[in-house]
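As numbered in the numbering used here, residues 38 to 251 make up the sequence shown, in order.
In case anyone wonders, no lab produced these hints; they're calculated from the structure. A couple of the hints might just be wrong.
With a cut-off of at most 25 Å between alpha-carbon atoms, the simulated BS3-like pairs for lysine-lysine come out as follows [unchecked claim]: (1) LYS123 / LYS97; (2) LYS141 / LYS126; (3) LYS97 / LYS124.
The calculated label-pair distances, taken between Cβ atoms and stated as ranges, are [what the hints assert, rightly or not]: (4) ASN166 / GLN90: 56 to 62 Å; (5) SER249 / SER228: 27 to 33 Å; (6) GLN182 / ASP207: 35 to 41 Å; (7) ASP207 / ARG244: 38 to 44 Å; (8) ASP150 / GLU189: 53 to 59 Å; (9) THR238 / ASN215: 30 to 36 Å; (10) ASP133 / GLU159: 35 to 41 Å; (11) ALA220 / ALA184: 49 to 55 Å; (12) SER249 / ARG212: 37 to 43 Å; (13) PHE145 / GLU167: 42 to 48 Å; (14) LYS172 / GLU149: 31 to 37 Å; (15) THR153 / SER119: 46 to 52 Å; (16) GLU149 / GLU189: 58 to 64 Å; (17) ALA184 / ALA213: 40 to 46 Å.
Beta carbons are placed, not taken as given, at the ideal position from N, Cα and C, and that holds for glycine.
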Amino acid sequence: MKELRMNNEFSINADTVKEMLQKHNHILKQQIEFLQSIPNCEENSKATAKLNQRIATLQKEIKEEKDNISEPVNQGSREETSTLKKKVKYLKREHDELEEFIKKEIEFEREEDDKTIKELNETITNLTNEIQQTKERLNKSKSSQFASEYAEVTRRVKLAKQKIAQSNHDIISLRAENEKLAASIEIEKESTHRLEKERDTLQKLIRSIKESTV
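Build out the structure end to end from the sequences listed, making use of the hints.
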């Protein structure tokens, strides 16, 4: 195991630095993937381009740092130890700044998304209210039209019933008149028949008288 020791104040293990850089790189990758998962827009594209540029710089620094760690180190060099320490601090600072930058971008996207969602919800609510009002107006219109049509049908039915009742009354009256006429006709027939018989009797009587006088 390669180990760097410069003095009693600072001691760093090469594997520890590598592990720290790997973790740092993994965190960056996760944050990049999360940021790229946000829906594309012009602001996000600019932020992503800026982020990619900073990541490229960090990756270059990490590669150089790994190359430096893999090379033999002069254990007596305070200057190299100080440089390494500064680079680690620099990477940490860059990581913190990048993390803060990503948080702000994510917060900005969330605010924009919340605003968009709120506007969509308001639009949906307005459309829903408008549809409901339209349905209510349509129902009222249908009810009014139905009531008008029902009243007209009722009026026609009532009129038809009145006509039927009048027709029935007329039929009954006509039947009564027909029955009276039939009775009168029968009486007249009987009277006629009686008169005819009386006539025949008188004619016979007249002929008999004439014959007796001759």
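Query raised in the report: Can you name, in rising order, the numbers of the hints this structure does not satisfy?
Result: 4, 7, 12 and 13
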